[in-house]
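Take the given structure of chain L and dock chain U to it, following the hints.
2 protein chains.
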Amino acid sequence: MELTLKGEKAKKAAAALAKMTTDQKNHALELISGQLMQEKNFILAENEKDLDAGRENGMSEALLDRLRLNGARLQDMAEALIQLTQLNDPVGEIISAWVRPNGLTITQVRVPLGVIGMIYEARPNVTVDASSLCLKTGNAVMLRGSSTAIHSNKAIVKVIHHALEKSDLPADAVQLIEDTSRETASRMFKLNDYLDVLIPRGGAKLIKTVVENSTVPVLETGAGNCHVFIDESADKEMAISIAINAKTQRPSVCNACETIIVHREWDGLKDLVLALQEKEVEIHGDEGVCGEKIIPAAEEDWVTEYLGLEVALKVVESADEAIVHINRYGTKHSESIVSSNPDNVEKFLNEVDAAAVYHNASTRFTDGFEFGFGAEIGISTQKLHARGPMGLPVLTSTKYIVKGNGQIKK
Amino acid sequence: MELTLKGEKAKKAAAALAKMTTDQKNHALELISGQLMQEKNFILAENEKDLDAGRENGMSEALLDRLRLNGARLQDMAEALIQLTQLNDPVGEIISAWVRPNGLTITQVRVPLGVIGMIYEARPNVTVDASSLCLKTGNAVMLRGSSTAIHSNKAIVKVIHHALEKSDLPADAVQLIEDTSRETASRMFKLNDYLDVLIPRGGAKLIKTVVENSTVPVLETGAGNCHVFIDESADKEMAISIAINAKTQRPSVCNACETIIVHREWDGLKDLVLALQEKEVEIHGDEGVCGEKIIPAAEEDWVTEYLGLEVALKVVESADEAIVHINRYGTKHSESIVSSNPDNVEKFLNEVDAAAVYHNASTRFTDGFEFGFGAEIGISTQKLHARGPMGLPVLTSTKYIVKGNGQIKK
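Those protein sequence lines, which keep their order, are chains L and U.
Residue numbering for the first sequence follows UniProt numbering, beginning at 1 and increasing consecutively.
Residue numbering for the second sequence follows UniProt numbering, beginning at 1 and increasing consecutively.
Careful: at least some of the hints might be erroneous.
Each pair may be met inside one copy or between any two copies, as identical chains are not told apart.
[Said to hold, decoys possible] Result set (DSS-like, lysine-lysine): computed pairs, CA atoms no more than 30 angstroms apart in a straight line:
| no. | residue 1 | residue 2 |
| --- | --- | --- |
| 1 | LYS190 | LYS205 |
| 2 | LYS409 | LYS279 |
| 3 | LYS6 | LYS208 |
| 4 | LYS154 | LYS49 |
| 5 | LYS403 | LYS270 |
| 6 | LYS208 | LYS11 |
| 7 | LYS9 | LYS208 |
| 8 | LYS347 | LYS403 |
| 9 | LYS6 | LYS205 |
Hints listed in this document are in silico derivations from the structure and should not be mistaken for laboratory results.
Since this is a predicted model, take the numbers as computed values, not measurements.
Excised from the complex, chain L in its bound form (with noise of 0.2 angstroms):
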C-alpha cells in the first residue's frame, strides 16, 4: 500500500524532474545543502534515538559508528551537495546524430532514468548521497534504508522536503519507505510498474538478495575478490609498493586486494612476505610460499574476500597459470599485473575478464573520484549499463528524436 501510493507520486514527480533546467536542480541541491545545516541539531537528535536504540540491541561499535551523524559529518555531507551542483549535468548531452537517405535526421540524447529504488543499510549518509545524485540527473527515487536507522533518514527526509519545497522540483521526487520489514523490501523487488531500476548498496549478502530476488532491473555493485599478479620480470620494489596498497591502503573495501600471486622465478617473495607481515598481515600461503608464520591456503581462500588484513599468496608457474585462476576465482572486479614482459601484459589486459585491469598500479583506484568522475554511483561489476566505476551518466537512459517532413516507409 505505501509502496504504490509513493510509487505513483514518484512516478508522477519523475515526470515533472525530467523536464527541469539543470539550473534548477543545482539550485535544489544548494537549498538542501543549507537546510541540512541549519535543522542539523533536529538530525542530530533523531539520529540520537537510533543510536540508543542499537547500544540497547548490542550493536557492535563499528555498526554504530557507521550509524553515526555528527557536526562534522553533516557538513561534509553539505558541502559534498555543492560539489556535485559543480559537475556537468548528463541530461539532454547529445550522444550521437545522423541522417538517413530518406532524410530523417536521428538524434540520441540522454534523458533521467525516471524513478530509482535504493536498497541499503544502516548508513544514514546514503540518504543523502543517493537522493542527491538522483535529483541531478532528474531521478524520482524511493528510498528503502535500514530499520535501524529510520529515525535518522525519516528526519533527512523530512529536511530535503523543506528544501525542496522552496525549489522549482517536486518534493515527492525524494519517497522513503518507512516500512522496514523484509516483506516491504521483497515487494519493492518486483515493482516493475513504478520502479524503472534498483541500485542495492551495502555488503554482499544484501546485493545477492537483491540480484537473486528482483525482477526490476539491476544495477549490481560488488564483492571484489581481486589479485595482484607478479609477474618474473616484475620491478621488485614496485611489485612490492603496489602489492602492499593494494593490501592495506584500506582492506575493508571492494577494490582491495586478497590474493597475491607471484610468479616463480621472480626474485622478490621472501621480500614480499616480510613486508606483508610487517604490515601485519595473515599469509595464508599455498605449497610455493616458505616462510614464517604461513598458515596453508586451502581452496577457501581463493574465494574469499577476507575485508581485512589477511591475504591469500600463491606460486604460479606462468603468466597464463595466473590468468586460468583469476578467471576461476575473481569477482570480474580489479586485476592488475606488474610485469615488464609486454607480452604478459597484453595477454593479461586482454584475457583476464574484469571491470579494471591495471599494469604496474593499484587495484585501488577502481573507483569514480579516482578515475575522475567527480561522484560515484558504486562500482559495477556486472556486463549490461555500466561496468566499473560509476558516474552520473549511468544513472540515466537515452532516447531518439527522430524529425521528418512526411516520410513513410515503403
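Chain U alone, transformed into the frame defined by chain L:
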C-alpha cells in the same frame, strides 16, 4: 544437468572467442553461410519432421508458416550471414581514453558480454540469426527454442558446428538446449553462473514471463502500443499518409500504430476515418469520432495492441492531453506527432517518454535497419543498457584498461 554441462562448455568457449580477430570471426560466418547451403537437404528434411508434427497437432497455418524453411528462406539466411561479415566489429573499439593527474592512463574498450542466452519461439531462422550475431560480437550463445522446432534447430546447430569445426572458433560457442521442457526454461532464467544476459525473442507473453522470472539480466524487447498524434496545425495530407502508413503498412509488428489521437480543431478527421475504412481498418472511436461503422471505444482499447487492421481513435483538446494519454497508456516504444506548431512539437518530443519519438514521420521507422545499424537484435523498451533499436554494440560490454608505472593510492 544439460544446462550446467553446456553452460560450462559455453563459458570456456566464450573465453577463447574473446581472443578471436574480426577476420577469424568473419571467416567463420562465411563458412556457416556455405555450410547451410551445402547441407540444405538435411535441414529441410528435418524441418519437414517438425512441420508434420505441427500439422498433426493442429498447428495454425500462420504458425506453420513461421516454422517452415525452404530453399529461398535458407538462401536468405546464408546471404544475411555474408552481409553480417561486412559490418563493423564493435569488439576492441576504444570508447574513450584519458590521463589522470597522477599519470595513470585509463582506456575504456568494448569487449564481448560472454555467454548470451536466447529464448525464442518456433522460428528456426532465429537459430541462425542469434548464433551469427553472437559470434560476430565474440559471444558464446545458449539457444533454447521451441519444442515444436526441435528437429529444425538440432539440424541447424549441427550444420553450424560442422562449419565452426573448419574455423578457428570453438564449436562449443553455439549450444542448443535440447530439453525444451518448461522446467529447463525456468532454470535458465536463474542460470547466473553461466549466462551474462538473457534475450527473449517472441510474443509479449514469452517476454513477460522471462522478465518477471529471470535473475539473469534481461535485454527486454517489447510490446509496442504506439500512437500517432495529429495536432491542430497538422498538414492534412501528410497526417493521413503517416497515420495510414503507421497503421496499415505492416500491422503485425511492434512499431505499428495502435491508437491515433486527433486534436479536436484539426480539419481532417472525416477524411482520416474514410481513408482508414478504405484500408479496411476497423475503428474503435471515442465520443468525439463521428461516422458510420465506428465501434465505441472502451478503456481497454487504449491499452490494446491490435496487431491487425483495427485502431483506436481518440479526440483531444490539446497536445498536453495527448501527451498525458500516451504516457499513461503507451508502452514507451515509438510515438509520433504530426504538427506545424514548433512549441507543441518540442513539448511532445521532450515530454513523451518513449524509446523513439517522431515529428512528421511514421512510427514504422523504429528498426535497426531503418536506423542504419545494418543489423538488429531487437527493439529495447527498457531503459538500462539499450533503448530503442539494438545493433551489434548492444551485444558488448566494456572494460577499463589502466596503465601505470608504479602508482599506489595515497
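These are the hints, each one checked on the structure:
Taking identical chains as interchangeable, the C-alpha atoms of LYS190 and LYS205 lie at most 30 angstroms apart whether they share a chain (19 angstroms) or sit on different chains (17 angstroms). In this homomeric assembly, LYS409 and LYS279 come within 30 angstroms of each other (Cα to Cα) only across copies, at 16 angstroms, whereas the closest approach inside a single copy is 69 angstroms. Taking identical chains as interchangeable, the C-alpha atoms of LYS6 and LYS208 lie at most 30 angstroms apart whether they share a chain (25 angstroms) or sit on different chains (24 angstroms). Proximity of LYS154 and LYS49 under a CA criterion of 30 angstroms is satisfied intra-copy only: 12 angstroms inside one chain copy versus 65 angstroms between copies.
Taking identical chains as interchangeable, the C-alpha atoms of LYS403 and LYS270 lie at most 30 angstroms apart only when they sit on different chains, with a minimum of 27 angstroms there against 67 angstroms within one chain. For the identical chains of this complex, LYS208 and LYS11 are neighbours both inside a copy (27 angstroms) and across copies (21 angstroms), given an alpha-carbon limit of 30 angstroms. Within a single copy, LYS9 and LYS208 get their C-alpha atoms as close as 29 angstroms, and across copies as close as 25 angstroms, so both meet the 30 angstroms cut-off. Only between protomers do LYS347 and LYS403 lie at most 30 angstroms apart by alpha-carbon distance; the minimum there is 14 angstroms, versus 46 angstroms within a single protomer.
Taking CA atoms no more than 30 angstroms apart as the test, LYS6 paired with LYS205 passes in both settings, with 27 angstroms inside one copy and 28 angstroms between copies.
Going through the hint list in order, the structure satisfies each hint without exception.
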